[in-house]
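Student: Got chain E; can you put chains G and X with the ligands on it based on the hints?
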Amino acid sequence: MSKQVVIPFGPQHPVLPEPLHLDLVLEDEKVVDAIPTIGYVHRGLEKLVEKREYPQYVYIAERICGICSFIHGMTYCQGIEGIMNLEIPKRADYLRTIWSEYSRMHSHLLWLGLFADAMGFESLFMNAWRLREHILDDLEATTGGRVIQGSCKVGGVRRDISSEKLDEMASGLDSMQGELHDLVNVFLRDSSVRHRLKGTGILSKDDAYLQGAVGPTIRASGHSYDTRKIGYAAYGDLSFEPVVASAGDSYARCEVRAKEMFTSIDIVKQAVKKIPDGPIDMKVTGAPDGEYFARSEQPRGEVIHYIKGNGTKFLARHRVRTPTLANITPLVTILKGCELADVPIIVLSIDPCIGCAER
Amino acid sequence: MIREEQKMQDITPDSLIRSVQAMKDGGKRLVQIGCARIGDIFEINYSFDKDYNFENLKLTIPSGLEVPSVSGIYTCAFVYENEIHDLYGIEITGIAIDFKGTFIRTSIKYPFGVVSSKEEDACQNKL
Amino acid sequence: MGLFSMTKMVFRSVSRKPATLMYPVRPAKSAAAFRGRILIEPLKCIACRKCEKSCPTQAITVDVKVRTWQIDRLRCIICNCCVEDCPTNCLSTENIYTNPMTVREGIEIYTVPPKPERKKETVDNSKTEE
Ligand code: SF4
Ligand code: SF4
Numbered sequence: 001m002s003k004q005v006v007i008p009f010g011p012q013h014p015v016l017p018e019p020l021h022l023d024l025v026l027e028d029e030k031v032v033d034a035i036p037t038i039g040y041v042h043r044g045l046e047k048l049v050e051k052r053e054y055p056q057y058v059y060i061a062e063r064i065c066g067i068c069s070f071i072h073g074m075t076y077c078q079g080i081e082g083i084m085n086l087e088i089p090k091r092a093d094y095l096r097t098i099w100s101e102y103s104r105m106h107s108h109l110l111w112l113g114l115f116a117d118a119m120g121f122e123s124l125f126m127n128a129w130r131l132r133e134h135i136l137d138d139l140e141a142t143t144g145g146r147v148i149q150g151s152c153k154v155g156g157v158r159r160d161i162s163s164e165k166l167d168e169m170a171s172g173l174d175s176m177q178g179e180l181h182d183l184v185n186v187f188l189r190d191s192s193v194r195h196r197l198k199g200t201g202i203l204s205k206d207d208a209y210l211q212g213a214v215g216p217t218i219r220a221s222g223h224s225y226d227t228r229k230i231g232y233a234a235y236g237d238l239s240f241e242p243v244v245a246s247a248g249d250s251y252a253r254c255e256v257r258a259k260e261m262f263t264s265i266d267i268v269k270q271a272v273k274k275i276p277d278g279p280i281d282m283k284v285t286g287a288p289d290g291e292y293f294a295r296s297e298q299p300r301g302e303v304i305h306y307i308k309g310n311g312t313k314f315l316a317r318h319r320v321r322t323p324t325l326a327n328i329t330p331l332v333t334i335l336k337g338c339e340l341a342d343v344p345i346i347v348l349s350i351d352p353c354i355g356c357a358e359r
Numbered sequence: 001m002i003r004e005e006q007k008m009q010d011i012t013p014d015s016l017i018r019s020v021q022a023m024k025d026g027g028k029r030l031v032q033i034g035c036a037r038i039g040d041i042f043e044i045n046y047s048f049d050k051d052y053n054f055e056n057l058k059l060t061i062p063s064g065l066e067v068p069s070v071s072g073i074y075t076c077a078f079v080y081e082n083e084i085h086d087l088y089g090i091e092i093t094g095i096a097i098d099f100k101g102t103f104i105r106t107s108i109k110y111p112f113g114v115v116s117s118k119e120e121d122a123c124q125n126k127l
Numbered sequence: 001m002g003l004f005s006m007t008k009m010v011f012r013s014v015s016r017k018p019a020t021l022m023y024p025v026r027p028a029k030s031a032a033a034f035r036g037r038i039l040i041e042p043l044k045c046i047a048c049r050k051c052e053k054s055c056p057t058q059a060i061t062v063d064v065k066v067r068t069w070q071i072d073r074l075r076c077i078i079c080n081c082c083v084e085d086c087p088t089n090c091l092s093t094e095n096i097y098t099n100p101m102t103v104r105e106g107i108e109i110y111t112v113p114p115k116p117e118r119k120k121e122t123v124d125n126s127k128t129e130e
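Protein chains in written order, with my numbering: chain E, 1 to 359; chain G, 1 to 127; chain X, 1 to 130.
Calculated from the structure, these hints are not laboratory results. Mixed in with the good hints there might be a few duds.
[Stated by the list, open to error] Heads up, incomplete: computed chain E residues facing chain G, CB under 7 Å, no partners named: (1) 13; (2) 15; (3) 39; (4) 45; (5) 48; (6) 52; (7) 209; (8) 212; (9) 306; (10) 308; (11) 311; (12) 312; (13) 317; (14) 328; (15) 329.
A quick note: this is a predicted structure, and the numbers were derived from the prediction, not measured. All residues carry an ideal CB built from backbone N, CA and C; glycine is no exception.
So here's chain E without its partners, still in its complex pose (with noise of 0.2 Å):
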């Protein structure tokens, strides 16, 4: 057995965005063994509802992370319903399931312009954020926010979309659709691309499913296990197929989120065409008394708020396991037995956004 040497990685690295520390253990070149360590982004904003009452904290929640603002939102939201048992309108629910793809859009092109970024493919990078730029703009002007929306409230939503918009919205995605190809199939085709993905950091299917892993990690890995599937929101009108790849690797995992922007963009022409006319928010009297697991698909894979309720306006506790937390034992278990070289890619590969799974 050769030397072993201790490297540390992170929490500042030239390609994480995000303060992540691995110790690695290494032989040569090779890693035996890595130790995550987090904990340096630590805010507490699960044990701020106990000082906000249970509407407002939707912003806090929210401020969770700041890439899948939205979907955080209504899944706090949802929670609360959930315990209050209020069956919001249905367009409401329509438009929650709109933006909720418009933040996975433009999730998946961040995640894609930053994993171009640490291949070293900078001009990668910029055609994928120029692409996010329309989404955000949608974004934008749709809910008066681009990374924190704000325009999820208890009981429904706080805009609406007019149905110029909505269909204006459609055709952009639609002329987008083209260049996006253009953009995917550089990340899918291009022989530099798949030389430095192809066979880095396999994921098995059982250790995948064992480990807890979520998102765009487990479905690389052979499994369907897709959130949205539950039915929450309007995904359960909609008919997708959640997107599969059986290699396990990290060229797997980019294939699925690349992949996964089409499906989006489908679901949100399926929910412009069979959006309900009608009110988008009900009247949200009394404060929820008793508990609820709401879980909602994310980015990065399943996300779930545990929403406990004392009967006053400030609730007993709330929790999130946002999908980086649970990503980060497969992650541990990916880097054993690869190089040195790769553990970025790697770890890029899961997307980690450590900032939520701290809150």
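Tutor: Okay, now just chains G and X with the ligands, sitting in the frame of chain E:
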């Protein structure tokens, strides 16, 4: 909109390992472990999922009691168990990778385990 | 495919205008619905404190006695709650950001008209005063 059924089952510290093992034998995936403080009592929720069927085991313990780790059954439990230890100060014995309180570093020790301090001064007066 | 998958994108980019703006020289684009900052028409405010209560970040402080309405621009997250809850519609959202600042400031204080006297003729007087 479809709302998920919330299946809850109460367990005791003695039956914890047995119930979790039964979940694993049933091919279920560990979704999360989370803790909540209700007065002096801690509730630990172990959530599982299989084919979109969500199930939950609820362990209720008084403060000061040690809880055995389930990371021997599900490795991924170590993340959640370290988190519970660091935020609530509940001793969890035998975690697969035990960070001994350094997983999430906070300036107040066990911030979620203490009763929230009410703000003396309205916070808009602080800069 | 392989090596030249990027070509199409590159040629398209060559013939296109830059995607970015020269920001401080040219103004940033922003949609009409964009939430940039909160404006108040102090004359309409009745100091009812509804906005203060609805504000999730406690950015607004209303002093009923001294008759002032105060906002901390850096606390405000422009969530629009206060605008929705104000009974007299004196608050509104503008689609321009607050200017950046280099020191901790941004607290703006507005004087609101004194409470109209319910009893008799003084109602008119209160309006002339700002
Ligand atoms: S701004 Fe509106 S809500 Fe706030 S105190 Fe004045 S009248 Fe009341
Ligand atoms: S916009 Fe929101 S954060 Fe800002 S002052 Fe109004 S209620 Fe407070």
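Student: If a hint holds in the structure, say so; if it does not, say that too.
Tutor: Checked hints:
Nearest Cβ of chain G to the Cβ of residue 13/E: about 19 Å, over the 7 Å cut. The hint is violated. At a threshold of 7 Å, the smallest CB-CB gap from residue 15/E to chain G is about 23 Å, leaving the interface hint violated. Look at residue 39/E: its Cβ gets to within about 4 Å of chain G, closer than 7 Å, so that hint holds up. This hint is violated: residue 45/E has a C-beta 12 Å from the nearest C-beta of chain G, more than the 7 Å allowed.
A hinted interface residue such as residue 48/E counts as satisfied when its beta carbon comes closer than 7 Å to some beta carbon of chain G; here the least separation is about 9 Å, so the hint is violated. With a cut of 7 Å, the hint placing residue 52/E at the interface with chain G is violated, because the nearest CB-to-CB distance is about 11 Å. A hinted interface residue such as residue 209/E counts as satisfied when its beta carbon comes closer than 7 Å to some beta carbon of chain G; here the least separation is about 6 Å, so the hint holds. Using the Cβ-Cβ criterion of 7 Å, the hint placing residue 212/E at the interface with chain G is satisfied: the shortest such distance is roughly 4 Å.
Here the hint on residue 306/E is kept, as its CB sits about 5 Å from the closest CB of chain G, short of 7 Å. A hinted interface residue such as residue 308/E counts as satisfied when its beta carbon comes closer than 7 Å to some beta carbon of chain G; here the least separation is about 6 Å, so the hint holds. About 13 Å separates the beta-carbon of residue 311/E from the nearest beta-carbon of chain G, more than 7 Å, and the hint is not met. Interface restraint check: residue 312/E against chain G, minimum CB-CB distance 13 Å, threshold 7 Å, status violated.
Look at residue 317/E: its Cβ gets to within about 4 Å of chain G, closer than 7 Å, so that hint holds up. A hinted interface residue such as residue 328/E counts as satisfied when its beta carbon comes closer than 7 Å to some beta carbon of chain G; here the least separation is about 6 Å, so the hint holds. Look at residue 329/E: its Cβ gets to within about 4 Å of chain G, closer than 7 Å, so that hint holds up.
Hint compliance for this structure: hints 1, 2, 4, 5, 6, 11, 12 are not met, and every other hint is.
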